[in-house]
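Fit chain B to the supplied structure of chain A, relying on the hints for placement.
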Amino acid sequence: MSLTPPEFGYLEKKIGRKPNPVELQIVAAEWSEHCSYKSSKKHLKILPREGKRVVSGPGYDSGVLDVGDGYVVTVHIESHNHPSAVEPYGGAATGVGGVIRDILSAGTRPIAILDGLRFGDIEKDTHARWLFKNAVRGIADYGNCLGVPTVGGEIEFDRCFTNYALVDVAAIGFGKKEKLIRNHADAGDCVVLIGGSTGRDGIGGSQFASDKLEAENRSAVQIPDPFIEKLVIEAILEARNQNCIKAMKDLGGGGLSCAISETADALSVGIELDVSLIHKREENMSPSELMVSESQERMLVITDQEKLSTLKRICERFHVPYSVIGSVTSGSVMEVRLEKEVIARLPSEVVANAPLLDRLAIQPKYLENIKLTQKPSTPENLSETLMKMLANPNIASKQWVYTQYDHEVGIRTVIKPGSDASVLRLDNNKFLSVKIDGNSKHCYINPRQGAIGCFDEACRNVVCTGAVPIGMVDHLQFGNPEDPEVFWTFKESLEGITQYAKYFGIPCVGGKVSLYNQTNIGPIKPTPLIGVLGLIETKPLIPKKIQENDFVVLIGETKDELGGSEYYEYMHDTIGGKCPTVNMESSKANQEIVLELISQDLVKNAHDCSKGGLGVAVSEICIRNEIGCVISLDKIPAQKLRIDELLFTESHSRYLLTIDPKNIENAKSLLEKQGVAYGIIGKFSGSNIAFKDGNKRVISVRVDKAQERWLNSLGSLVSHG
Amino acid sequence: MKVAVIVFPGSNCDRDMYHVLSDVFKLESKLVWHTDLLPKDIDAIVLPGGFSYGDRLRAGVIAAHSPVISEVKKMAERGMPILGVCNGFQILVEAGLLPGALLKNTSLSFICKWTEIIVKNNKTPFTNKFKLNQRIPIAIANGEGRYYADDETLKQLKRNNQIVFTYAEEINGASMRIAGICNKEGNVVGMMPHPERSAEQIINPRNAKPASLIFESLQNTLGVTA
Numbered sequence: 001m002s003l004t005p006p007e008f009g010y011l012e013k014k015i016g017r018k019p020n021p022v023e024l025q026i027v028a029a030e031w032s033e034h035c036s037y038k039s040s041k042k043h044l045k046i047l048p049r050e051g052k053r054v055v056s057g058p059g060y061d062s063g064v065l066d067v068g069d070g071y072v073v074t075v076h077i078e079s080h081n082h083p084s085a086v087e088p089y090g091g092a093a094t095g096v097g098g099v100i101r102d103i104l105s106a107g108t109r110p111i112a113i114l115d116g117l118r119f120g121d122i123e124k125d126t127h128a129r130w131l132f133k134n135a136v137r138g139i140a141d142y143g144n145c146l147g148v149p150t151v152g153g154e155i156e157f158d159r160c161f162t163n164y165a166l167v168d169v170a171a172i173g174f175g176k177k178e179k180l181i182r183n184h185a186d187a188g189d190c191v192v193l194i195g196g197s198t199g200r201d202g203i204g205g206s207q208f209a210s211d212k213l214e215a216e217n218r219s220a221v222q223i224p225d226p227f228i229e230k231l232v233i234e235a236i237l238e239a240r241n242q243n244c245i246k247a248m249k250d251l252g253g254g255g256l257s258c259a260i261s262e263t264a265d266a267l268s269v270g271i272e273l274d275v276s277l278i279h280k281r282e283e284n285m286s287p288s289e290l291m292v293s294e295s296q297e298r299m300l301v302i303t304d305q306e307k308l309s310t311l312k313r314i315c316e317r318f319h320v321p322y323s324v325i326g327s328v329t330s331g332s333v334m335e336v337r338l339e340k341e342v343i344a345r346l347p348s349e350v351v352a353n354a355p356l357l358d359r360l361a362i363q364p365k366y367l368e369n370i371k372l373t374q375k376p377s378t379p380e381n382l383s384e385t386l387m388k389m390l391a392n393p394n395i396a397s398k399q400w401v402y403t404q405y406d407h408e409v410g411i412r413t414v415i416k417p418g419s420d421a422s423v424l425r426l427d428n429n430k431f432l433s434v435k436i437d438g439n440s441k442h443c444y445i446n447p448r449q450g451a452i453g454c455f456d457e458a459c460r461n462v463v464c465t466g467a468v469p470i471g472m473v474d475h476l477q478f479g480n481p482e483d484p485e486v487f488w489t490f491k492e493s494l495e496g497i498t499q500y501a502k503y504f505g506i507p508c509v510g511g512k513v514s515l516y517n518q519t520n521i522g523p524i525k526p527t528p529l530i531g532v533l534g535l536i537e538t539k540p541l542i543p544k545k546i547q548e549n550d551f552v553v554l555i556g557e558t559k560d561e562l563g564g565s566e567y568y569e570y571m572h573d574t575i576g577g578k579c580p581t582v583n584m585e586s587s588k589a590n591q592e593i594v595l596e597l598i599s600q601d602l603v604k605n606a607h608d609c610s611k612g613g614l615g616v617a618v619s620e621i622c623i624r625n626e627i628g629c630v631i632s633l634d635k636i637p638a639q640k641l642r643i644d645e646l647l648f649t650e651s652h653s654r655y656l657l658t659i660d661p662k663n664i665e666n667a668k669s670l671l672e673k674q675g676v677a678y679g680i681i682g683k684f685s686g687s688n689i690a691f692k693d694g695n696k697r698v699i700s701v702r703v704d705k706a707q708e709r710w711l712n713s714l715g716s717l718v719s720h721g
Numbered sequence: 001m002k003v004a005v006i007v008f009p010g011s012n013c014d015r016d017m018y019h020v021l022s023d024v025f026k027l028e029s030k031l032v033w034h035t036d037l038l039p040k041d042i043d044a045i046v047l048p049g050g051f052s053y054g055d056r057l058r059a060g061v062i063a064a065h066s067p068v069i070s071e072v073k074k075m076a077e078r079g080m081p082i083l084g085v086c087n088g089f090q091i092l093v094e095a096g097l098l099p100g101a102l103l104k105n106t107s108l109s110f111i112c113k114w115t116e117i118i119v120k121n122n123k124t125p126f127t128n129k130f131k132l133n134q135r136i137p138i139a140i141a142n143g144e145g146r147y148y149a150d151d152e153t154l155k156q157l158k159r160n161n162q163i164v165f166t167y168a169e170e171i172n173g174a175s176m177r178i179a180g181i182c183n184k185e186g187n188v189v190g191m192m193p194h195p196e197r198s199a200e201q202i203i204n205p206r207n208a209k210p211a212s213l214i215f216e217s218l219q220n221t222l223g224v225t226a
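Sequence lines, in order, name chains A and B.
So the first sequence is numbered by this note's numbering: it starts at 1 and just counts up by one.
So the second sequence is numbered by this note's numbering: it starts at 1 and just counts up by one.
Derived by calculation from the structure, the hints in this document are not laboratory data.
Don't take every hint at face value.
Distance windows between CB atoms, simulated [said to hold, decoys possible]:
no.: 1; chain 1: A; residue 1: Lys124; chain 2: B; residue 2: His65; range: 44 to 54 Å
no.: 2; chain 1: B; residue 1: Lys131; chain 2: A; residue 2: Arg281; range: 53 to 63 Å
no.: 3; chain 1: A; residue 1: Asp704; chain 2: B; residue 2: Lys104; range: 23 to 33 Å
no.: 4; chain 1: A; residue 1: Gly694; chain 2: B; residue 2: His19; range: 53 to 63 Å
no.: 5; chain 1: A; residue 1: Asn163; chain 2: B; residue 2: Tyr148; range: 48 to 58 Å
no.: 6; chain 1: B; residue 1: His19; chain 2: A; residue 2: Arg49; range: 33 to 43 Å
no.: 7; chain 1: A; residue 1: Asn712; chain 2: B; residue 2: Ile202; range: 26 to 36 Å
no.: 8; chain 1: A; residue 1: Arg49; chain 2: B; residue 2: Leu57; range: 42 to 52 Å
no.: 9; chain 1: A; residue 1: Asn712; chain 2: B; residue 2: Tyr148; range: 20 to 30 Å
no.: 10; chain 1: A; residue 1: Glu626; chain 2: B; residue 2: Lys131; range: 23 to 33 Å
From the three backbone atoms N, C-alpha and C, an ideal C-beta is built for every residue, glycine too.
Just chain A, with the same shape it has in the complex:
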């Protein structure tokens, strides 16, 4: 929990003297991996950040995208992994709180939350189940109380997360462009701490998150209070409306140390503050505790003398505690006092900019071994296989989770959770489509192609609602970066994401890196998570009821890429093989044609083909529409594949479209013109999900039975302890 010897030397050289103990605490918090990105920062520069909709400003905690008509959308993603692994309820809840305040920092109202959750094998591991249930409850209790809808997300279970949890939260904000906070400050301005009181919770949280999780450190976990957060949101937005905010920053990892040094550094000013003025919830807190506490629901606001009384009045009206803790100074020094006594005096530029590291990266040896994995043999009863796949916690419906989240509050949710991407209506009659995707199983087998695949999947999901991707956020989660093999996987994933973003012209508007996701059993599998925002200018594709004889059209090629598939891992306990790869050119062509077909109103329903492959994707459509189908496997555009491979490979860039017979000729001619691989693979009819190989039925299961399995498996699993 302190600086390394080289860092200590660097600090001493920079400030020209030995730092005192308080200064050391402040710097150690800010120079933690969690706050400083010292391992990753050099590499993150490769991500493309420019785009015609990107609005940037100094010190923004969230990405800002212009959606036209004077409106902007903001987005940010964060994780709260270490705390959630120790105390899942509070860890997950404060994860929501933190990312919401990043959205608020830009001066926008939070309008949606998405969360990505990862735990161990919940079928066998009761601890994983406990973590899962409580993380879900933590998110529900926090988000529901705030009145910010949780509209979507994704969940993955894998043994690599045993005794651990990944809790990722993305938040979306919306507001008027003219109301964005243009962070700036002048000497003499007041520095105000608004919101929850400061206590001893979350002390050293950022350092805790910057080490392997080997011992549980409960005092490093923050305590959630959504009620205060709700009051803070309303007070801050009112203060914004009355132009009382010149600059603003959320207090997150590293507490005040981080917020003060980063604000001063970003705005090129100095800040002096007196820690005795902070409103506290505990007695006798030391100055360094006050500086590094990560107590939640706090915002740092800079206002001028003139507006201070209005700001105070607003806080009082909304019952939000506040304290004026200091002022902006000329120069670039952060000075911390305890009443009259100066206890720390540091150049903010030094505090805010840790010396960056060059980490070694070496291709992991395991990658060679898993290539040699033997293909498992085809099961005799594929109907049974499909039914088992539908009950697999990674595939089964997540309704047990999302019915606990208020996903309707705010009355924007047009396409609800449980669909491909969620769609929100905006005030300018446009629609925003949002999705996050990750896949640790694919990324383990090929960190670069796996990451590209997550990006492609998130794009496919928003495309299925009729949206054009306009921006992305990434969250790069890996083990200990000091391990060159782990660091190699980080670099590979990052390069893959960059490659895709550049090819598709989708700017990265925000992101986060979370390292040291590692327990005694080793590092987690590489888990980059990609969030994609799509814009719909006219109307979203709201799935229409499927009728008898509607056609099933599959766009995209089906390939022999079962490495990391649910079929290999869940059904055969086989880790290895070749994971799906994305051909960017055909992926782009497929996206374009799907959007074209949707815009011409030729599509009743579009569904992404991913986890569990075609077999699962087709079943999901049948289950939702309570109708059967007959699919001919020989109509699938594919190389020569085994039946089980055709059914369950997770090849990317594939879409399943439902098309009314009256539109099929039109659709065909557009598809031919675009020159994409496609097949009219069958029709919806009857009450059985059926797959045929030539004339032979290889799968036939009743829709109602499949529905029962798919809908209830997860719920019944967690309700039994």
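Only chain B this time, still in chain A's reference frame:
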């Protein structure tokens, strides 16, 4: 003519309700912060959903004891139409304006989903445009939404025609599947489901027309032509 939407610290459906009242149904509305006085010229009051005071102690109980509620009680006595939705219903119950209690759902979890309710009293200011037994596709979202009353109270509710809405399916263990009730006089209505989330077709996955009738009933009551 004005509808006051009362906002407590922690209310979170206030803006949604305001939007539906004023933008969709053209009812002149005003958001009234709980410490401000009720405007003199109001003709109806809505207590919106949310988590007033963070549901501390018990959902709705702190708000029920706030000064603005004594004013609401006076208006209730004068026969003014008053609607409490979700947390608003919990507040009305805690304030004693409606009988019974709202307990944790039998699942012990928050439940957010679409369901159907059935109109059992079409004489209230919020249901007078419905046919009796008409079904309303509607969104629910609550953790403490299970209506409970003792047998005697339930008998009285039935006798006095105070049961306004029931669920069409078993949803949370509510006594007699009650989703909404009114006072004896019929002017104060409380309901757990969210009509403001259900009255616009773009966000209603089923049919938004029936839920719209709740607001059209209020228009009708207040003599506003749509």
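ask   = Broken hints, numbered, in rising order?
value = The structure conflicts with hint 5 only, although it agrees with all the remaining ones.
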